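Protein chains in written order, with UniProt numbering: chain A, 1 to 206; chain B, 1 to 206; chain C, 1 to 206; chain D, 1 to 206.
Don't read these hints as lab results, they were simulated from the structure.
Be aware that a few hints might be false.
For identical chains, the list gives no copy identity; a pair is met inside one copy or between any two copies.
[Stated by the list, open to error] List time: in silico DSS-like cross-link candidates among lysine-lysine, alpha-carbon distance up to 25 Å: (1) 174 - 137; (2) 37 - 8; (3) 97 - 66; (4) 171 - 141; (5) 174 - 206; (6) 8 - 66; (7) 66 - 88; (8) 206 - 171; (9) 203 - 174.
Only a predicted model underlies this, so the values are computations on that prediction, with no experimental measurement involved.
Protein chains: 4
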Amino acid sequence: MYPNPIQKLVEYFMRLPGIGPRQASRFVYTLLDEDIKTIEGFADALGELARTVARCAECFRGIEKKNSNSVCDQCAGNTITAILVVEKDQDLETISKTGLWQDAYHVLGGTITLLNEKTRVTDRIRALYDRLARRTKTAEKPIEIVLATSATTEGDATALYIERVLEPFVKEKKITLTRLGRGISTGTEMEFADPQTLKNALKNRK
Amino acid sequence: MYPNPIQKLVEYFMRLPGIGPRQASRFVYTLLDEDIKTIEGFADALGELARTVARCAECFRGIEKKNSNSVCDQCAGNTITAILVVEKDQDLETISKTGLWQDAYHVLGGTITLLNEKTRVTDRIRALYDRLARRTKTAEKPIEIVLATSATTEGDATALYIERVLEPFVKEKKITLTRLGRGISTGTEMEFADPQTLKNALKNRK
Amino acid sequence: MYPNPIQKLVEYFMRLPGIGPRQASRFVYTLLDEDIKTIEGFADALGELARTVARCAECFRGIEKKNSNSVCDQCAGNTITAILVVEKDQDLETISKTGLWQDAYHVLGGTITLLNEKTRVTDRIRALYDRLARRTKTAEKPIEIVLATSATTEGDATALYIERVLEPFVKEKKITLTRLGRGISTGTEMEFADPQTLKNALKNRK
Amino acid sequence: MYPNPIQKLVEYFMRLPGIGPRQASRFVYTLLDEDIKTIEGFADALGELARTVARCAECFRGIEKKNSNSVCDQCAGNTITAILVVEKDQDLETISKTGLWQDAYHVLGGTITLLNEKTRVTDRIRALYDRLARRTKTAEKPIEIVLATSATTEGDATALYIERVLEPFVKEKKITLTRLGRGISTGTEMEFADPQTLKNALKNRK
Numbered sequence: 001m002y003p004n005p006i007q008k009l010v011e012y013f014m015r016l017p018g019i020g021p022r023q024a025s026r027f028v029y030t031l032l033d034e035d036i037k038t039i040e041g042f043a044d045a046l047g048e049l050a051r052t053v054a055r056c057a058e059c060f061r062g063i064e065k066k067n068s069n070s071v072c073d074q075c076a077g078n079t080i081t082a083i084l085v086v087e088k089d090q091d092l093e094t095i096s097k098t099g100l101w102q103d104a105y106h107v108l109g110g111t112i113t114l115l116n117e118k119t120r121v122t123d124r125i126r127a128l129y130d131r132l133a134r135r136t137k138t139a140e141k142p143i144e145i146v147l148a149t150s151a152t153t154e155g156d157a158t159a160l161y162i163e164r165v166l167e168p169f170v171k172e173k174k175i176t177l178t179r180l181g182r183g184i185s186t187g188t189e190m191e192f193a194d195p196q197t198l199k200n201a202l203k204n205r206k
Numbered sequence: 001m002y003p004n005p006i007q008k009l010v011e012y013f014m015r016l017p018g019i020g021p022r023q024a025s026r027f028v029y030t031l032l033d034e035d036i037k038t039i040e041g042f043a044d045a046l047g048e049l050a051r052t053v054a055r056c057a058e059c060f061r062g063i064e065k066k067n068s069n070s071v072c073d074q075c076a077g078n079t080i081t082a083i084l085v086v087e088k089d090q091d092l093e094t095i096s097k098t099g100l101w102q103d104a105y106h107v108l109g110g111t112i113t114l115l116n117e118k119t120r121v122t123d124r125i126r127a128l129y130d131r132l133a134r135r136t137k138t139a140e141k142p143i144e145i146v147l148a149t150s151a152t153t154e155g156d157a158t159a160l161y162i163e164r165v166l167e168p169f170v171k172e173k174k175i176t177l178t179r180l181g182r183g184i185s186t187g188t189e190m191e192f193a194d195p196q197t198l199k200n201a202l203k204n205r206k
Numbered sequence: 001m002y003p004n005p006i007q008k009l010v011e012y013f014m015r016l017p018g019i020g021p022r023q024a025s026r027f028v029y030t031l032l033d034e035d036i037k038t039i040e041g042f043a044d045a046l047g048e049l050a051r052t053v054a055r056c057a058e059c060f061r062g063i064e065k066k067n068s069n070s071v072c073d074q075c076a077g078n079t080i081t082a083i084l085v086v087e088k089d090q091d092l093e094t095i096s097k098t099g100l101w102q103d104a105y106h107v108l109g110g111t112i113t114l115l116n117e118k119t120r121v122t123d124r125i126r127a128l129y130d131r132l133a134r135r136t137k138t139a140e141k142p143i144e145i146v147l148a149t150s151a152t153t154e155g156d157a158t159a160l161y162i163e164r165v166l167e168p169f170v171k172e173k174k175i176t177l178t179r180l181g182r183g184i185s186t187g188t189e190m191e192f193a194d195p196q197t198l199k200n201a202l203k204n205r206k
Numbered sequence: 001m002y003p004n005p006i007q008k009l010v011e012y013f014m015r016l017p018g019i020g021p022r023q024a025s026r027f028v029y030t031l032l033d034e035d036i037k038t039i040e041g042f043a044d045a046l047g048e049l050a051r052t053v054a055r056c057a058e059c060f061r062g063i064e065k066k067n068s069n070s071v072c073d074q075c076a077g078n079t080i081t082a083i084l085v086v087e088k089d090q091d092l093e094t095i096s097k098t099g100l101w102q103d104a105y106h107v108l109g110g111t112i113t114l115l116n117e118k119t120r121v122t123d124r125i126r127a128l129y130d131r132l133a134r135r136t137k138t139a140e141k142p143i144e145i146v147l148a149t150s151a152t153t154e155g156d157a158t159a160l161y162i163e164r165v166l167e168p169f170v171k172e173k174k175i176t177l178t179r180l181g182r183g184i185s186t187g188t189e190m191e192f193a194d195p196q197t198l199k200n201a202l203k204n205r206k
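The following block holds chain A by itself, in its conformation from the complex (with noise of 0.2 Å):
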């Protein structure tokens, strides 16, 4: 129905997360009114990201391709203190923004299944096992894992999963595991909060 070049970029936005057709449609037919420039501005955009953008081999942040060198900065340094394991880049970015994390992050890129299948998740927590392998042989002390998951179910059966597989190394004293403290977060009402929010929020009172 519509010309062939449209139909073809409505399927690649339809890709994104939460894009359907009619919002697709919507998008190519705004490009269209835009010049000529600003559409192979785009493309140039995109070209520039599939080459000079990867993650980071340890930490799994977006960082820019320098040289031969695959890891980021922070990683690339010697001495790591302390880990924040984030589910997605965007929640780096939430928090890197507010400037209250200096140390290393890592990233999950999302929650585990229900299946416990192997997954993107599942094999960059194999990931971090044996980040945290190579990094507790030369530190000085225990490595703190801070598990930043969502309060959600998802988020916290990652965490619990997380938790076995690193359990070796906190019978060794290897690392330390702590978890985000519970309360009432910003726009909680008391009337809507749940028992375990409300059991938290009173043992932390003060």
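Fit chains B, C and D to the supplied structure of chain A, relying on the hints for placement.
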């Protein structure tokens, strides 16, 4: 347009929070298809509320009037060691259902307004002051006041206001003032967590 | 957990359409802060509804009971030339407010269920049949029955069901059956219009 | 904060309608986990759109550029008997998919603004005027112009504006102007129908 008794009842339903004319008339027509006994039972339940329920003169929760006593069983007791200050009756219920709090409450009936005018809420904060003046005279150790207002702008403003009002008691070490612990709450996705919540969540990690 | 009279009233409010336990208890606590006169006025209005309002025995709209008469003024009149069949009391109100329809109504009290079981609605469709059997005897020309059910699956199914039930009258030319005109309605954006609506909108263009 | 190429691409995605910074960055990170071929394919599809798709010089729909021809097959034909005037490319698609309209279109590219300033839309209405001036010279009978703008305030204002602009052609009987039929549309519940829609639905009943 409607028969008069329908119109009158529609207006009563519209006094309830969140109910507009459309929903109010839906209520009335639903009742019209109930049998007369049900409608009369509803009317009786309202009458009974008016006759037999009142607010405790000390903590302002809803109680059944018994004899001439105007305070709830808890406030009638001699000793109170801690008071949980909540905005609404529903907050009291939410917490009370968890069984996490066995001590006394103080129901504010809402939050203070930005204009700082005299309202039901400021009256009840004044009553809290008087309550403490009376109670701390005989208390053996400082009474803990837990400010359990919502983590909203209005809730925070109300907590701050109460802190200022109760400051004299704190200085004389007759009370201690605490606030609910903050952190990520059940359901929070890290990507959408605000800086203040993240800060508390990182600080309270364990 | 609540005082008994509160619990009882919460349960009455929960019988109203769309009202869950949370909102029901919000209603009761709102009432508790009203003065006693208001609550008693509410109870009286309910009592008055039970005593003085009923449904017209012929068209089923809500009417004030007067003397022993059980039909509305309109149905008490001798001649009816057209009947607008609506699902709900609120539909009657919506149309009645526009002043576009001066003739008689028939309120179904809902839509037929998919199970085609005997319900209030099928009873009232049967009553419509009887009403027509009686009215067409003396009518000088065919009575027009306008099926004004909603343009939803349920509304359409109900209209179809009524068409089948009233078919004998149509064959004998005692009534004419019409349905509301279809097309784009106020607020419709063309992008989201369904094929059936577009078809009618194009066919009825002018 | 992000690597530069990510930031640049985020900004391109943010030019798309309804896309904020959060969703734009989600798009980029999703792409980062696709293989390079896919990203390059996406870039190529954008380049192809820029090179090979344009708007028909007469009706403004999106078409593949062929040779030097700048009008679509339909506009290249000799005879046009009716033109359906739509706001957006998506409206054309919605209608075109139904197969209900086989004749010509005119895509406005939006609605007129309240300020009545010169915009793409007013340019295309001017182009419609010119198109008719040219086409009606050779037409054997009046061309029908169907104004198929949305049933919204903006759509109605745009239709009114076009009616004024095309009035001379109507007076000379060179065109006829029609609008889509109004009535209840699929999904409309009677309770929520507006008076204008009810009026049309009653008038067009059958």
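Going down the list of hints, with the structure as the test:
Taking CA atoms no more than 25 Å apart as the test, residue 174 paired with residue 137 passes inside one copy only; the shortest distance there is 9 Å, against 54 Å between copies. In the homo-oligomer, the alpha carbons of residue 37 and residue 8 lie at most 25 Å apart both inside one protomer (20 Å) and across protomers (15 Å), since each shortest distance falls under that limit. In this assembly of identical chains, the alpha carbons of residue 97 and residue 66 lie at most 25 Å apart only when taken from the same copy (24 Å versus 50 Å across copies). Taking the shortest Cα distances, residue 171 and residue 141 sit within 25 Å of each other inside one copy (14 Å), while across copies they are farther apart (43 Å).
For the identical chains of this complex, residue 174 and residue 206 are inter-copy neighbours only, at 17 Å across copies versus 32 Å inside a copy, given an alpha-carbon limit of 25 Å. In this assembly of identical chains, the alpha carbons of residue 8 and residue 66 lie at most 25 Å apart only when taken from different copies (18 Å versus 33 Å within one copy). Taking CA atoms no more than 25 Å apart as the test, residue 66 paired with residue 88 passes inside one copy only; the shortest distance there is 23 Å, against 45 Å between copies. In this assembly of identical chains, the alpha carbons of residue 206 and residue 171 lie at most 25 Å apart only when taken from different copies (17 Å versus 32 Å within one copy).
When the C-alpha separation of residue 203 and residue 174 is checked against a cutoff of 25 Å, the pair qualifies only between copies, where the shortest distance is 22 Å, while the shortest distance within a copy is 29 Å.
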